[in-house]
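Take a look at the letters that make up each chain.
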Amino acid sequence: MSLGRQLFFLLGLAFLPAIGQAIYFRNATTQEPPMDSALVSVAQAEGWGEKALWVDARPDEQFAAGHVSGALQLNEDRWDELLHPMLGAWSPEKKVVVYCSRLTCHASHEVAERLRKEAGLTNVYVLDGGWEEWQKQHK
Amino acid sequence: MKTLVAYVIAGLVGALAGSAQAGLTWESTDADLHPTLSDTTAVAHFKYTNTGDKPIKIMTVHPSCGCTTAALAKDTVAPKESGEITATFKIGDRSGVQKKTIAVVTDDQPDKPTMLHLTATIPQLLKIAPSFVYWSATDKLDPKTITVDVGGDFPVTKLEVTSTDKSISTTVEPVADKKEFKVILKPTESGRPINAALKIQPDFPKDQPKTFYANVRIDSRAKMPQ
Amino acid sequence: MAEAAQITTEATAARAWPKVVRRILAFVAGAIFVYAGVIKVFDPLRFASDITNYQILPWAVAVRLAFFLPWLELWCGLALIFYRLFRGAVVLMVAMMLVFIGASIIAKLRGIDVSCGCFGSASSNLSFTSHLVLDFSLLAVLLIFWFWRSPAIR
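Protein chains in written order, with the working numbering: chain A, 116 to 254; chain B, 420 to 645; chain C, 11 to 164.
Everything labelled a hint here was simulated from the structure, so no lab data went into it. A portion of the hints provided could be inaccurate.
[Stated by the list, open to error] With a Cα cut of at most 30 Å, we get these calculated DSS-like pairs of lysine-lysine:
id, chain 1, residue 1, chain 2, residue 2
1, A, K209, B, K618
2, A, K232, B, K605
3, A, K232, B, K559
4, B, K559, A, K209
5, A, K232, A, K210
6, B, K531, C, K118
[Claimed, not checked] Computed footprint of chain A on chain B, listed as stretches where at least three residues anywhere in the stretch have a Cβ under 8 Å from a Cβ of chain A:
id, segment
7, 532 to 543
8, 619 to 627
[To be verified] Only part of the chain A face toward chain B is listed, based on derived beta-carbon distances under 10 Å:
id, residue
9, G185
10, N190
11, R193
12, D195
13, H199
14, S206
15, R229
16, A234
17, G235
Virtual Cβ for every residue (Gly too), placed ideally from N, Cα, C.
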């Protein structure tokens, strides 16, 4: 068998069960949070000026220790309580910039996802590099 | 060529064997938690035993996110000694399946943290979609609907909905044959900005009533339909 | 089947030793791929979330990849073990190894702490270095197969 046909055969052999799984798990393909939720760099977000609505997704004690000036707090510990004031500050032309701490922390992605899915907001971004990156650029 | 092959085999065997000889043996590195509606935290116990012949020091226990804290009873584990790491997941206003990891670093393999996985399935009593309703400057003030789904087998038969602003009238309509309610919001006033919270209270659980929220905003320029 | 027969008859005493080594290496490398494939085939969603951990691909892509890649690893691994579709499997495996190694290095450089996910939950016990050693050893074996091929093998 030629190399091309071998490749075709192997790829096809993997493709068939993959389709089966894609059908079986079809809900997960759309329901699970897309973790890439539109990343934005610190420079880009600051370029938006007044249009940016900064949202701090970190726990209360970290917010108290320091945050982006003018940022509103919205974390999943006290979601119901914090969502109302945050939405009060929102308007359709605003771009929401959610940040948390460290690259590995998913809090900002989770908050951004809930804002999009549950509150139906568009223009929700996650700050690339989070709080640490913002601090680095404001020394 | 033979030497090269020998190196490769040695590399493979080394890499595989290296992963097998951990000093701490874990009863399980996965914890599956199912908290109830009234729980505010979910706690996982990760039990370990030192199966080696030297004492092992647990250097750091590092949870992946702010909502998880991990406590360690004792940081040095003597040979044959057992212990546990307690991970507490703060539920807050979270729902659904939450996955967190905890990295444990020990002094026998400082570059090889053991990853503990915690999965908490948090029951959702009500699912409110959307949780935010907005009439923009160009919108007509026609009624809008919020759908409230009852999760799981929870016996919710009635919803009490109140608005913090009187100018929004609310009507609750149960959906026949479905564990679902429609909340219809009708603005009764225009010309001023409105920022209201909707309190949604189900009739279950009776002993520990829980309030859910939705948010409503109206731009002052939105007009009543003719 | 005819191919197998041909290999046996063509194997002279001088070539018998490298052939045995080849078969052993092919078996070991194949078995590692089969193991890696099987462990992930049963939990594609977990694998998908491991992929998104690398913060290179969005969920929608990751989840589709997670349905496909484990099966590809599995079939390629079996191909090596049974010595069938050999060259095709080697090419695909080299491509996969390059992607895996690239992704882990990019993630490491960006400071992302990833348990690589290659072996499902068993990955937790593999450090970054031993994971790379394993990756490069596998890549080396595959390249040996590619460049040091016996004419009888198709």
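Going through the hints against the structure:
Of the supplied pair hints, the one linking A/K209 and B/K618 holds, its CA atoms being roughly 26 Å apart against a limit of 30 Å. At most 30 Å may separate the alpha-carbon atoms for a hinted pair to count; A/K232 and B/K605 meet this at roughly 23 Å. The suggested pairing of A/K232 with B/K559 holds, with an alpha-carbon distance near 24 Å, which does not exceed 30 Å. The suggested pairing of B/K559 with A/K209 holds, with an alpha-carbon distance near 21 Å, which does not exceed 30 Å.
For the proposed pair A/K232 and A/K210, the alpha carbon gap of about 16 Å is at most 30 Å, so the pair holds. Under the criterion of a C-alpha separation no larger than 30 Å, the hint pairing B/K531 with C/K118 is consistent with the structure, at around 15 Å. Only residues whose C-beta sits within less than 8 Å of a C-beta in chain A count toward coverage, and the segment 532 to 543 of chain B has 0 of them, not enough to reach three; the restraint is violated. Only when three residues or more bring their CB closer than 8 Å to a CB of chain A does the claim for the segment 619 to 627 of chain B stand; here the count is 0, and the claim is violated.
With 10 Å as the threshold, the beta carbon of A/G185 stays out of range of chain B, its nearest partner Cβ sitting at about 19 Å, so the hint is violated. Using the Cβ-Cβ criterion of 10 Å, the hint placing A/N190 at the interface with chain B is satisfied: the shortest such distance is roughly 8 Å. The interface hint given for A/R193 is met, as the beta carbon of that residue sits about 6 Å from the closest beta carbon of chain B, less than 10 Å. The closest approach between the C-beta of A/D195 and any C-beta of chain B is roughly 5 Å, which is under the 10 Å cut-off, so the hint is satisfied.
Nearest Cβ of chain B to the Cβ of A/H199: about 5 Å, under the 10 Å cut. The hint holds. Against a cut-off of 10 Å between C-beta atoms, the interface hint on A/S206 holds, since the closest Cβ of chain B lies about 8 Å away. A least Cβ separation of about 9 Å between A/R229 and chain B falls short of the 10 Å threshold, and the interface hint therefore holds. For A/A234, the interface hint holds, the least distance from its beta-carbon to any beta-carbon of chain B being 4 Å, beneath 10 Å.
Annotation: A/G235 was flagged as interfacial toward chain B, and the flag holds, the nearest CB pair being 4 Å apart, inside 10 Å.
In the structure shown, a violation is registered for the earlier hints numbered 7, 8, 9, in ascending order.
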